[in-house]
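Asker: Please model the complete structure; the sequences and the hints are all you need to start from.
For reference, the chains in residue letters:
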Amino acid sequence: MGKTLFDKIWDAHAVTEMSDGPTQLYIDRQFAHEVTSPQAFNSLRERGLSVLHPEKTIATPDHNIPTWNQDMPITDPISKFQVETLTKNCEEFGITLYGLGNNKNGIVHVVGPENGYTLPGMTIVCGDSHTSTHGAFGTIAFGIGTSEVEMVLASQCILQPRPKRMLISIDGDLDRGVASKDIILYIISQLSTGGATGYFVEFAGTAITALSMEARMTLCNMSIEMGARGGLIAPDQTTFDYVEGREFAPKGADWDKALAYWKTLKTDDDAEFDKSHYFKASDIEPMITYGTNPGMGVGITGSIPTLDDIDPAGQASFKQSMQYMGFEPGDQLIGKKIDYVFIGSCTNGRIEDLRTFCDFIKGRKKADDVVAWIVPGSRKVEKQARDEGLIPILEEAGFVMRQPGCSACLAMNDDKVPAGKYSVSTSNRNFEGRQGPGARTLLSSVLTAAAAAVTGVVTDPRTMLQD
Amino acid sequence: MAIEKFSTLTSTCIPLAIENVDTDQIIPARFLKATTKEGFGDNLFRDWRYDKQDQPKADFVLNDPTYSGQVLVGGKNFGSGSSREHAAWALAGYGIRVVVSSFFADIFKGNALNNGVLPVQVSDGFLSQLFAAIDTDAQTTVTVDLPAQSITLDATGASENFEINGYKKNCLANGYDDIDYLLSNKAQIEAWEKTSFY
Numbered sequence: 013m014g015k016t017l018f019d020k021i022w023d024a025h026a027v028t029e030m031s032d033g034p035t036q037l038y039i040d041r042q043f044a045h046e047v048t049s050p051q052a053f054n055s056l057r058e059r060g061l062s063v064l065h066p067e068k069t070i071a072t073p074d075h076n077i078p079t080w081n082q083d084m085p086i087t088d089p090i091s092k093f094q095v096e097t098l099t100k101n102c103e104e105f106g107i108t109l110y111g112l113g114n115n116k117n118g119i120v121h122v123v124g125p126e127n128g129y130t131l132p133g134m135t136i137v138c139g140d141s142h143t144s145t146h147g148a149f150g151t152i153a154f155g156i157g158t159s160e161v162e163m164v165l166a167s168q169c170i171l172q173p174r175p176k177r178m179l180i181s182i183d184g185d186l187d188r189g190v191a192s193k194d195i196i197l198y199i200i201s202q203l204s205t206g207g208a209t210g211y212f213v214e215f216a217g218t219a220i221t222a223l224s225m226e227a228r229m230t231l232c233n234m235s236i237e238m239g240a241r242g243g244l245i246a247p248d249q250t251t252f253d254y255v256e257g258r259e260f261a262p263k264g265a266d267w268d269k270a271l272a273y274w275k276t277l278k279t280d281d282d283a284e285f286d287k288s289h290y291f292k293a294s295d296i297e298p299m300i301t302y303g304t305n306p307g308m309g310v311g312i313t314g315s316i317p318t319l320d321d322i323d324p325a326g327q328a329s330f331k332q333s334m335q336y337m338g339f340e341p342g343d344q345l346i347g348k349k350i351d352y353v354f355i356g357s358c359t360n361g362r363i364e365d366l367r368t369f370c371d372f373i374k375g376r377k378k379a380d381d382v383v384a385w386i387v388p389g390s391r392k393v394e395k396q397a398r399d400e401g402l403i404p405i406l407e408e409a410g411f412v413m414r415q416p417g418c419s420a421c422l423a424m425n426d427d428k429v430p431a432g433k434y435s436v437s438t439s440n441r442n443f444e445g446r447q448g449p450g451a452r453t454l455l456s457s458v459l460t461a462a463a464a465a466v467t468g469v470v471t472d473p474r475t476m477l478q479d
Numbered sequence: 346m347a348i349e350k351f352s353t354l355t356s357t358c359i360p361l362a363i364e365n366v367d368t369d370q371i372i373p374a375r376f377l378k379a380t381t382k383e384g385f386g387d388n389l390f391r392d393w394r395y396d397k398q399d400q401p402k403a404d405f406v407l408n409d410p411t412y413s414g415q416v417l418v419g420g421k422n423f424g425s426g427s428s429r430e431h432a433a434w435a436l437a438g439y440g441i442r443v444v445v446s447s448f449f450a451d452i453f454k455g456n457a458l459n460n461g462v463l464p465v466q467v468s469d470g471f472l473s474q475l476f477a478a479i480d481t482d483a484q485t486t487v488t489v490d491l492p493a494q495s496i497t498l499d500a501t502g503a504s505e506n507f508e509i510n511g512y513k514k515n516c517l518a519n520g521y522d523d524i525d526y527l528l529s530n531k532a533q534i535e536a537w538e539k540t541s542f543y
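Those protein sequence lines, which keep their order, are chains A and B.
So for the first sequence, my numbering puts the first residue at 13; every next one is plus one.
So for the second sequence, my numbering puts the first residue at 346; every next one is plus one.
Among the hints, erroneous ones may be present.
To be verified - One-sided and incomplete, this derived list gives chain A residues near chain B with beta-carbon spacing under 7 Å:
{"id": "1", "residue": "Met30"}
{"id": "2", "residue": "Leu56"}
{"id": "3", "residue": "Ser201"}
{"id": "4", "residue": "Gln202"}
{"id": "5", "residue": "Thr205"}
{"id": "6", "residue": "Ser329"}
It should be emphasised that the hints constitute simulated quantities derived from the structure, not laboratory data.
Cβ atoms here follow ideal geometry from the backbone N, Cα and C, with glycine treated the same way.
Answerer: Written as structure tokens, this is what we have:
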């Protein structure tokens, strides 16, 4: 019997296997940031261990940094200490660091791909659940805890139970105004926030292969939001074209050798999955969430479920969620007043996202009572936006571009949505307090967020698209 | 770094009958700025536990003196979301040794085990029984037996087995962590690297 792409990569990286235990998996690349690494370095020091392969780990501060005045010292002393601790640890253990202000600084999951650190067939980990982003390149990429960060630093390996395999296939053409963010929000709304727990997902189908690399990253990024260990897409010409020429991608004869290998990275025709789901692209409309987990989403023209629609065991959580959001079961989403718009994060902070936003707002104005944060995913994205002339378009419409970082996605820095306020956000989580204590998040695509930024209410972006 | 050993535990329970408890609730992001593992227990469930003025919310279970113990019983899909191990540190720091639920998120489960906190997955039916028993009598106890891989509601004797792989069971029983194992496999790692594409 044939093998799935997941099995091929997993088996190629299995160093040892236990009969009643996890696989010892070799890790080709680790990304590190300031928040989930300090305790790992401390523990290495306490044990008197060194880093086995410092060249295989790349670090960049992103979670806990300001997105304004990055050339000035960080004002919060605790954040400043955490960022400085990363610098100190990288110096001591010989790890490449793209610090604040460096032209390769940015969100780990934006920096890795854009510099050619993320390559098909790799195993990739980071102390961050959105490491699943890198699956867009045909990698086994997943988030890990700090104890596991330490394991990879010390041994370049990790112990992992082998997940089951799930296929999610979407065929057909997306309607105009529907993006890969809508695909993934739709899938999560269908499968629920735990619907893929225990599985590693392969996304396939004509609607997936038609996506750009950046759109694929948005999709794989949110695999974790349905509980999946990760999500991957078989590499194809779109992947190879994206990777070729990136700074740390293979060159010359190495490129030819790599390409020959990468072309073998696909699921065999007779391979079997433990579970398969099939969806139609034409069933997907722009999505928006109404609750406090990413599975609580509906098509933008839809309404919030009523209590009768909810399983009895889930009703207490649903009621708590409605109370937190200030919504009533059965409410329509369109027309709800909003206060904030956040464009950015490892989900939607890339150049295509900024282009989409600027295309939409060009010739329009930001609603007066909306506060908008436009946050590029990296310094490179920021520079490209400048080079492409997006800044004057933003400014003309009343928007300002901030500096790169995770920003309001998890609100560790000052970019916090105040309690009780509504934010239409292109990030990945609408958990209680995620964007600040009491903040109310509605997740959407860039286009849906752009429409809300202009109108000040939840709006179907398709009604505002020009011919 | 040895983890705390686990064998059997009999304890009263703290019930949290909410589904999809994510790690942002267990420990909100603004408390992730520390560079050590200490002190997270104070902020366990911070925003459910304290109001804006940092006063305890009377209706939250951790502030209800009726309930205490080393076993937290949570609704389905416990620990979803962020990979932050700080969630496991917060639970361990508060004194929780066992979390019972009918479903756990993968990353949380791994993080808990790496910190000597045992995730015990039970059926939906057993979970309902457990919540009902605690609701009836807050002093009701459960016994979690790692060698037997069982959890028993002591008052009725109702019992269920739970799964844990043999390797992790051995680690918890003896206080080993994964680094000990990985470092003992250095020769295999070096051999594998000779075949590596990258």
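Asker: Are Thr205 of chain A and chain B close enough, Cβ to Cβ, to be under 7 Å, as the hint says?
Answerer: holds (6 Å)
Asker: Would you settle whether the hint for Gln202 of chain A is holds or violated, based on the nearest Cβ-Cβ distance to chain B being less than 7 Å?
Answerer: Cβ of Gln202 of chain A sits 16 Å from chain B, so the hint is violated.
Asker: So, Ser329 of chain A near chain B? Judge it on the closest CB pair being under 7 Å.
Answerer: holds (4 Å)
Asker: Given Leu56 of chain A as an interface hint, is its Cβ closer than 7 Å to any Cβ of chain B?
Answerer: violated (9 Å)
Asker: For the hint on Met30 of chain A, does the least C-beta distance to chain B fall short of 7 Å?
Answerer: holds (5 Å)
Asker: Restraint: Ser201 of chain A near chain B, CB-CB cut 7 Å. Satisfied or not?
Answerer: violated (14 Å)
Comparing the model with each numbered hint stated earlier shows that hints 2, 3 and 4 do not hold.
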